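Okay, here's what each chain looks like letter by letter:
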Amino acid sequence: MISFENVTATYSKDVGIFNLSFHIPSGEMVFIMGPTGAGKSTVLRAIYNDIQISNGKIIVDGEDITKLKQRQIPYYRRKIGMIFQDFKLLPDRTLFENVALPLRILGTPKKIIVQKVRDTLDKVGLVDKWKELPNQLSGGEQQRVSIARALVKDPIIILADEPTGNLDLNISDEILDIMEMVTKSGTSVLMCTHNFPLVRPRKKNFLELSKGRLL
Amino acid sequence: MFSKAIFLIYESVRGLFRAKIPALISSATITITLVIFSISYFSYINLVGFSYDFKKQYQIDVFFDTDLDRSESLNVFNSILLIDGIEQGSFVDKDDASRIFESYFTEDVEQIIGYNPLPMGGKFELSIEQRNPNGLRTIVNEIRLIPKVEQATYQSGMIARVDKIIENVLGSSVIAGIIIFLVSVILVSNTIRLIIHSKEDNIATLHLLGASNIFIKIPFLLEGVYQGLIGAGFSIGILWLLKALLDYIVTPFVPIDLINPNFIISGNLCIGTFLGLVGSYRGISKYLK
Chain A
172 MISFENVTAT
182 YSKDVGIFNL
192 SFHIPSGEMV
202 FIMGPTGAGK
212 STVLRAIYND
222 IQISNGKIIV
232 DGEDITKLKQ
242 RQIPYYRRKI
252 GMIFQDFKLL
262 PDRTLFENVA
272 LPLRILGTPK
282 KIIVQKVRDT
292 LDKVGLVDKW
302 KELPNQLSGG
312 EQQRVSIARA
322 LVKDPIIILA
332 DEPTGNLDLN
342 ISDEILDIME
352 MVTKSGTSVL
362 MCTHNFPLVR
372 PRKKNFLELS
382 KGRLL
Chain B
95 MFSKAIFLIY
105 ESVRGLFRAK
115 IPALISSATI
125 TITLVIFSIS
135 YFSYINLVGF
145 SYDFKKQYQI
155 DVFFDTDLDR
165 SESLNVFNSI
175 LLIDGIEQGS
185 FVDKDDASRI
195 FESYFTEDVE
205 QIIGYNPLPM
215 GGKFELSIEQ
225 RNPNGLRTIV
235 NEIRLIPKVE
245 QATYQSGMIA
255 RVDKIIENVL
265 GSSVIAGIII
275 FLVSVILVSN
285 TIRLIIHSKE
295 DNIATLHLLG
305 ASNIFIKIPF
315 LLEGVYQGLI
325 GAGFSIGILW
335 LLKALLDYIV
345 TPFVPIDLIN
355 PNFIISGNLC
365 IGTFLGLVGS
375 YRGISKYLK
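Chains as they are written, first to last, in my numbering: chain A, 172 to 386; chain B, 95 to 383.
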């Protein structure tokens, strides 16, 4: 599903990722571990094509995404679900509208949107709060909305950048449960975290980074 | 596609209501521009009309040799009428010349000196394109070359001065119109930029979710169009009030050509929409290349 072949992407001489190679098959959940500044987020940014690759190849779903033209990037991103530490929800939209947004971008008919959003909110346990605004929810609930927004378009990959960074242990565990459940439908999940104790019991694959290199 | 279009229209209307104050400022700017524009256009049209009426009075007075009889004078008169740029003319015989003399000096020339020494001649009006100092000068020179023409004159000084004034006023109103238009575009685009600036995080999120630039741009462009239409609506209202005032105060004393209201309404709506669209396009283009 995702292959890195000698990928280098740098912000400056010593900051970035250097000569990374790895492969993540479909339906796998992989944790990218490492301290702050190790290059975890850069790996995700490289996958969602938000950073210029100076060397190497990134193959996603059989396509070399480093060769995508600027105008093709939005279409490529529609296949990817993204979850962020700071949720990145639109504060002036209800839960329903936030979750529906990727489908609006895809041009999905309204009837299908309503059904899909309801199903997805049900999956993350927030179907009763569909009318509320993000600031009326707890941090854990907001992150679940963010997961719902990533899931609703049936992505091939979910990229999660420290999704539990601002949440307590119990809520973080719930979030990981949801993400694990997602992989059963064949979606690969790539999650960055520096919280090793949280993910250790999950017995999943790990990529450990330090100073932009795989350990 | 249809569902996407509906969503984008809905978003644009929502955006307008979310940023009421900036939208109102933008619409007010467009209103002011359109009111000034319409008044300038109205003044321009009236000035052109006034200038046309005034220039109609531009004429060349031609005096023939005193020894010509009536038929010879008529021949000279007709040959002047054939000159390009002469629209029409009126023949002045000795009796007419005497009447004109009397109208100026309240004296009958025949009673003063016993006979009529005044030459026959003609008054000639010019075609529209020749009603300017250059045209007049050229035609007068051409007339002077015709045999048996004693004198051909026009009020060169006054005509040149009036022409200059009209030219300056019309020229400055065109320049003022362009400046007002540009200022308005800049103000509208700055207002849209302010709205966009406050939504920068949302735009970044939309990009991450796979929204194309056009998907993000369309609601802002539509917002600009709505602001233009609202501005045009207010401007039409203000102009209607001004027209009522004009009808009440000025028109009974000074005849003024009023522009067709349908033209003003459609013109305001078109220019308002155009201003809003250009302003918002300029505003959003600074953020999304």
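Hint data in this document are derived by calculation from the structure and do not stem from the laboratory. Take these hints with a grain of salt, some might be off.
[Claimed, not checked] Think about it this way: if two alpha-carbon atoms lie no more than 27 Å apart in a straight line, the pair counts; the simulated DSS-like pairs of lysine-lysine are:
(1) B:K217 / A:K259
(2) B:K380 / A:K259
(3) B:K98 / A:K287
(4) B:K380 / A:K281
[Stated by the list, open to error] Derived, one-sided and incomplete: chain A residues facing chain B with beta-carbon distance under 8 Å:
(5) P245
(6) Y246
(7) L261
(8) D263
(9) I276
(10) G278
(11) P280
(12) V285
(13) Q286
(14) K287
(15) R289
(16) K300
(17) K302
Quick caveat: nothing in here was measured; it's all calculated off a predicted structure. Glycine is no exception: its CB is placed at the ideal position from the N, C-alpha and C atoms.
These are the hints, each one checked on the structure:
no. : hint            : in the structure
1   : B:K217 / A:K259 : violated (84 Å)
2   : B:K380 / A:K259 : holds (23 Å)
3   : B:K98 / A:K287  : holds (16 Å)
4   : B:K380 / A:K281 : violated (32 Å)
5   : P245            : holds (4 Å)
6   : Y246            : holds (7 Å)
7   : L261            : holds (5 Å)
8   : D263            : holds (7 Å)
9   : I276            : holds (5 Å)
10  : G278            : holds (4 Å)
11  : P280            : holds (5 Å)
12  : V285            : violated (11 Å)
13  : Q286            : violated (14 Å)
14  : K287            : violated (13 Å)
15  : R289            : violated (17 Å)
16  : K300            : violated (20 Å)
17  : K302            : violated (16 Å)
Figure legend: structure checked against the earlier numbered hints; hints not met, in rising order: 1, 4, 12, 13, 14, 15, 16 and 17.
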